[in-house]
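Start from the sequences and build out the full structure, keeping to the hints where you can.
2 protein chains.
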Amino acid sequence: MDSIVECVPNFSEGRNVRKVEAIIRSCLAGPDIYLLDAGMDRDHNRSVLTLAGTRQSIGEAALRGIGKAAQLIDLNIHEGVHPRIGATDVVPFIPIQGVTLEDCVHIATWVAEEVWTRFRIPTYLYGAAARRPERRDLEDIRRGQFESLREEVTTQPHRRPDFGEASLHATAGTTIVGARKFLVAYNINLGTTELAIAKSVAKRVRASSGGLPCVKAMGVQLRTRNLVQVSMNLTDFETTSLAAVFEVVAREAAAYGVNIVDSEVVGLVPRRALERAAVQHLRIRNFGPDLILENRLELLRERRPHNCLAMK
Amino acid sequence: MDSIVECVPNFSEGRNVRKVEAIIRSCLAGPDIYLLDAGMDRDHNRSVLTLAGTRQSIGEAALRGIGKAAQLIDLNIHEGVHPRIGATDVVPFIPIQGVTLEDCVHIATWVAEEVWTRFRIPTYLYGAAARRPERRDLEDIRRGQFESLREEVTTQPHRRPDFGEASLHATAGTTIVGARKFLVAYNINLGTTELAIAKSVAKRVRASSGGLPCVKAMGVQLRTRNLVQVSMNLTDFETTSLAAVFEVVAREAAAYGVNIVDSEVVGLVPRRALERAAVQHLRIRNFGPDLILENRLELLRERRPHNCLAMK
Chain A
1 MDSIVECVPN FSEGRNVRKV EAIIRSCLAG PDIYLLDAGM DRDHNRSVLT
51 LAGTRQSIGE AALRGIGKAA QLIDLNIHEG VHPRIGATDV VPFIPIQGVT
101 LEDCVHIATW VAEEVWTRFR IPTYLYGAAA RRPERRDLED IRRGQFESLR
151 EEVTTQPHRR PDFGEASLHA TAGTTIVGAR KFLVAYNINL GTTELAIAKS
201 VAKRVRASSG GLPCVKAMGV QLRTRNLVQV SMNLTDFETT SLAAVFEVVA
251 REAAAYGVNI VDSEVVGLVP RRALERAAVQ HLRIRNFGPD LILENRLELL
301 RERRPHNCLA MK
Chain B
1 MDSIVECVPN FSEGRNVRKV EAIIRSCLAG PDIYLLDAGM DRDHNRSVLT
51 LAGTRQSIGE AALRGIGKAA QLIDLNIHEG VHPRIGATDV VPFIPIQGVT
101 LEDCVHIATW VAEEVWTRFR IPTYLYGAAA RRPERRDLED IRRGQFESLR
151 EEVTTQPHRR PDFGEASLHA TAGTTIVGAR KFLVAYNINL GTTELAIAKS
201 VAKRVRASSG GLPCVKAMGV QLRTRNLVQV SMNLTDFETT SLAAVFEVVA
251 REAAAYGVNI VDSEVVGLVP RRALERAAVQ HLRIRNFGPD LILENRLELL
301 RERRPHNCLA MK
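First to last, the protein sequences are chains A and B. Oh and the first sequence: position 38 is 38 in this note's numbering, straight run, nothing missing. Oh and the second sequence: position 278 is 278 in this note's numbering, straight run, nothing missing.
Rather than coming from a laboratory, the hints here were simulated on the basis of the structure. Values in this document were obtained by computation on a predicted structure and should not be read as measured data. A portion of the hints provided could be inaccurate.
Identical chains blur together in the list; that is why a pair holds if it fits in one copy or across any two.
[Said to hold, decoys possible] SDA-like, lysine to any residue: derived pairs with alpha carbons at most 20 Å apart: (1) Lys181 x Leu291; (2) Lys181 x Lys216; (3) Lys19 x Asn45; (4) Lys181 x Glu294.
See the structure below:
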C-alpha cells in the first residue's frame, strides 16, 4: 500500500456481538481496508475498532461503519459508563506512512461533511481538524453527553455542530470526527513496590507538570509482579521519543536508588517510533530515512526504471 | 516484494567506467532487481555493487553480471592493490527480509554450480555456504591470488574448486560464491583526541580480544573533527545489537572520563537492526515483530480475506 492511515472509530455498542460484527463487516466491505484490532467493553457499552487503510480507502470504510451503526444503535436506549454523544461517537484519522497529519485533516473534514450529507447526522471536527480552538479536545465537545447536548445544541450557538443543523439525529445523535498523531501507550516498570516513587517519577516526566512535551504519565502498582509502573501515553513520538522518556525515567528512578526492570508497549507501535528511539539513543549523526535499506529499496522501486544507469 | 535478498558482487575492474556500467546493466536486465549502491576504486581496480532482489531474481542477476564480467575482464592484464582471483572475485548473498541465511546458502550453491555450467568458470563456496571449514573465510580461499592459485589448483587437491575442474578459467579465473549475514558498519565517536583511548575501547568491545561476539573494532583518529573513533563491523546484529556495542563503548569510554559525542552508520542498515537496538535499549518485555503496526498489517494482507470476522 502506498499510504497507511489508521482510523479508530468508537461505537456506542459493547454488549451485542452480532451488532458489532455487522459494523465491522461494513467497515471491511471495501478494498484496501484491514482490521488491526477490535475491543468490546460491556461496562462502557462501547466498541473500539482499529482499522488501517490507504488515503483513498479509509474514509469510505469509516462512512460504511457510521452508516451501519446508525441503523443498529439507538442512543435513547443506550446506557454505559463511558460518556458518549453518538451511535458512532468519535472517529479519529491517524497518519502512519506516506501521509501527513494535514492529509488526515482533509480526510476527517470530508468524512464529517459526508456523514451529514449521507446520513443526516450532524458532526463536529476535533483534534488537528478542529475549526475552533475549544473543539481541539473531544471532551469539551462531548460535555453533557447525548441527553444534554440535544437540548443545548438547539439553544446555544457555540454548541452548534460544524456540519449539519442545530439538532441532533433522533437516534444516532452526532459524531465527532478528527485527526491526530499516533498515540503510543508505553509503560516502564520500576524495581520497587513503593507506589510513591512511580508517582513521583511520573510527575517528573509528564508534560502537565513541566516534564517532557507530549507525555501523559501516572504511577500505578503492579501487584502481580511486585513492581510499580510509570504508565504513559506519548501523543507525539516525534517530539518526545520512547528513548527520551526512558532516559528521564531512568534518571529520576535512579535518584531513589531504583532501577528500570523492563518496559512494555500496549497495543501497537509504528515502526518509525522504534527507529526514532534507536537513532536518538545511539546518537546517529548521519541518520536519514534512506539510510535504512528497505526504504532505499522502496525509493528505487518507485523510480524504476530510472535507476539502471545511476552510478555514484 | 515478498522477500529481499542482498547480493554484493565484487568485480576486478575499477578504472573503466564503461565496462563497469555494462556489468551493472547486465545485472539489472531482469525483473525485480535494484541497484542500492555502486562503488569503483581505481587503486584497488575493483568495483563493488550492492544489489537487492527477491529470492527468485537475485541469483540470475548475479549470473548475468558474472557472465558479462567474464567477457570484459582479463585477469592476466589486471593489476590493483586489492587481492583477487577472479574477474568476478566474490559474490555473497545476504538475507534481508522474508528469507533465512539457509535460503541464501541454497541460492549461493545454485549460482556457484551455474557459473561452472554456463561459463566454465570454476567456483568456491565460502561463508555459511562453505563445504569445508577452511573455506568459511574467503581470505583463505584467495591466498596467493590468481597468479599462484592457477598453478596450485592443478597440483594441490585441497585447493581444488567446489565446482569445476582443477584448473582456472584462462581469463576470468575463478569466483568465490557464498552466503553471510548482513554486516553493519557502525562507528562511535568519542569526545577526545587521544587515539590510545579509542584503541583501548576497541580492544574491550571486539570479539577477538574477549569482547562482544560478532564485533570487529579498531580505534582511529578523526582529525577533521578533533575526535577519535571506535570503528566497528557488526557481523551479526541479532547476536550483538548496535545498542549492546553502544553500551559497552559508553561504559569503557567513561572509565577514561570520555563521553560518546555521536555515532554513524556507514552504508545502509536493515530496518531490523534499528528495531532490535530500540527494543534492547528500552528493555521492551513483550516485544514481538507483530507489535509493530506495519508488520501486523502485512500479516493481515497476506491472510486476506480471512480477517473479516476475527474478533478479540
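Evaluation of the provided hints:
1. Proximity of Lys181 to Leu291 under the C-alpha cut-off of 20 Å is restricted to the inter-copy arrangement: shortest distance 18 Å between copies versus 24 Å within a copy.
2. In the homo-oligomer, the alpha carbons of Lys181 and Lys216 lie at most 20 Å apart inside one protomer (14 Å), although the nearest pairing across protomers, at 41 Å, exceeds that limit.
3. Taking the shortest alpha-carbon separations for Lys19 and Asn45, only the intra-copy value of 12 Å comes in at or below 20 Å, while the best inter-copy value is 70 Å.
4. In this assembly of identical chains, the alpha carbons of Lys181 and Glu294 lie at most 20 Å apart only when taken from different copies (16 Å versus 24 Å within one copy).
Every hint from the earlier list agrees with this structure, and none is contradicted.
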